[in-house]
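**Student:** Given the structure of chain A, go ahead and fit chain B onto it with the hints provided.
Read top to bottom, the protein sequences are chains A and B.
Going left to right, the first sequence walks through residues 1 to 167 as my numbering numbers them.
Going left to right, the second sequence walks through residues 1 to 167 as my numbering numbers them.
Derived from the structure by calculation, the hints contain no laboratory data.
Just so you know, these numbers come straight off a predicted model, no measurement behind them.
Honestly, I wouldn't trust all of these hints.
[What the hints assert, rightly or not] Derived pair list, reagent style BS3-like, types lysine-lysine, alpha-carbon separation capped at 30 Å:
| no. | chain 1 | residue 1 | chain 2 | residue 2 |
| --- | --- | --- | --- | --- |
| 1 | A | K160 | B | K24 |
| 2 | A | K53 | B | K64 |
| 3 | A | K32 | B | K112 |
| 4 | A | K160 | B | K127 |
| 5 | A | K53 | B | K24 |
| 6 | A | K64 | A | K53 |
| 7 | A | K102 | B | K112 |
| 8 | B | K127 | A | K127 |
| 9 | B | K53 | A | K160 |
| 10 | A | K112 | B | K127 |
| 11 | B | K24 | A | K112 |
| 12 | B | K99 | A | K99 |
| 13 | A | K112 | B | K53 |
| 14 | B | K112 | A | K99 |
2 protein chains.
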Amino acid sequence: MSFYDATVPLFIQMLTALTGILNKAEAHCQAKGIQPEVLLSARLYPDMLPLTKQVQLACDFAGKSAARLAHVEVPATADTEKSFDELRQRLATTVDYLKTFKPEQFEGADAKDVTFPAGANTNLTLKGQQFFNRFALPNFFFHTSIAHGILRHNGVEIGKRDFLGVA
Amino acid sequence: MSFYDATVPLFIQMLTALTGILNKAEAHCQAKGIQPEVLLSARLYPDMLPLTKQVQLACDFAGKSAARLAHVEVPATADTEKSFDELRQRLATTVDYLKTFKPEQFEGADAKDVTFPAGANTNLTLKGQQFFNRFALPNFFFHTSIAHGILRHNGVEIGKRDFLGVA
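Looking at chain A on its own, in the form it has when it is part of the complex:
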């Protein structure tokens, strides 16, 4: 199997699904007379991150992880999104970026060292496979799942099929 197959298509699928979830969340706001900012700033607990940041981090753990695995320059992101539209644009930009990667760029990447920031002033180095399994993928899914959980907790009618992108 190719390492590319285990990484990039999965990110694209899940981010596309998340776009669909944001569509339903925005429609929910319109139907129920909820200010979009209320949902966009919703959290599961006061010291957890709000929906907007969960989506931004999902994008980063996809795009930046792909860059690290392919050993190309990691794109900078400004995290300025303040609306459903802007978050969807961020997701679309990330998906477009992911589509620029070619399977050849991931050849041997599972065994190559990846050095990445892990917390304040800390860099870690892991082999590509371990970086992906232990860090990039769990973090990516954490933020997509918590985004889903925030919206479910606030009554948006989405389900597992929306999460999987097969709705």
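**Tutor:** Showing chain B alone in chain A's frame:
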């Protein structure tokens, strides 16, 4: 890279992390005088599944997915757990089961067809890689993340490092 490396070690790592999270959840109950049943039956929304079921499903999406990818008999699970101890035992049993798999059993598994139940009375067939990327892995992470989210929402002091299993 080997398909085994992309699957079994990741499941083991995350289920081990989830065991640590349940330890902290139980300690939180003891410290705060909370009946364990209250946390075990907590949900993010009335029509979402409670913590106990999130943990059971995380175990199933790990163990049963590994069995499907290796094309061995899929183990039956009774879902009878009613305490933190029993859930930890379920996790330990699943980890022990995952450790029985050998990398050779996953050779070529990414390209082999996997037929699996997807909803009531529906079977789907996908290549192993797609089954893993589009179904097994997102479902597995969904349930581990929502279990984490339920506990965070209820004030248990856990963080991303607990989720990643590096705490």
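**Student:** Work down the list of hints and note, for each, if the structure agrees.
**Tutor:** Now for the hints, and whether the structure bears them out:
no., hint, in the structure
1, A:K160 <-> B:K24, "27 Å, holds"
2, A:K53 <-> B:K64, "33 Å, violated"
3, A:K32 <-> B:K112, "46 Å, violated"
4, A:K160 <-> B:K127, "21 Å, holds"
5, A:K53 <-> B:K24, "26 Å, holds"
6, A:K64 <-> A:K53, "15 Å, holds"
7, A:K102 <-> B:K112, "23 Å, holds"
8, B:K127 <-> A:K127, "27 Å, holds"
9, B:K53 <-> A:K160, "15 Å, holds"
10, A:K112 <-> B:K127, "27 Å, holds"
11, B:K24 <-> A:K112, "35 Å, violated"
12, B:K99 <-> A:K99, "35 Å, violated"
13, A:K112 <-> B:K53, "38 Å, violated"
14, B:K112 <-> A:K99, "25 Å, holds"
When the structure is compared with the earlier hints, violations turn up for hints 2, 3, 11, 12, 13 and for no others.
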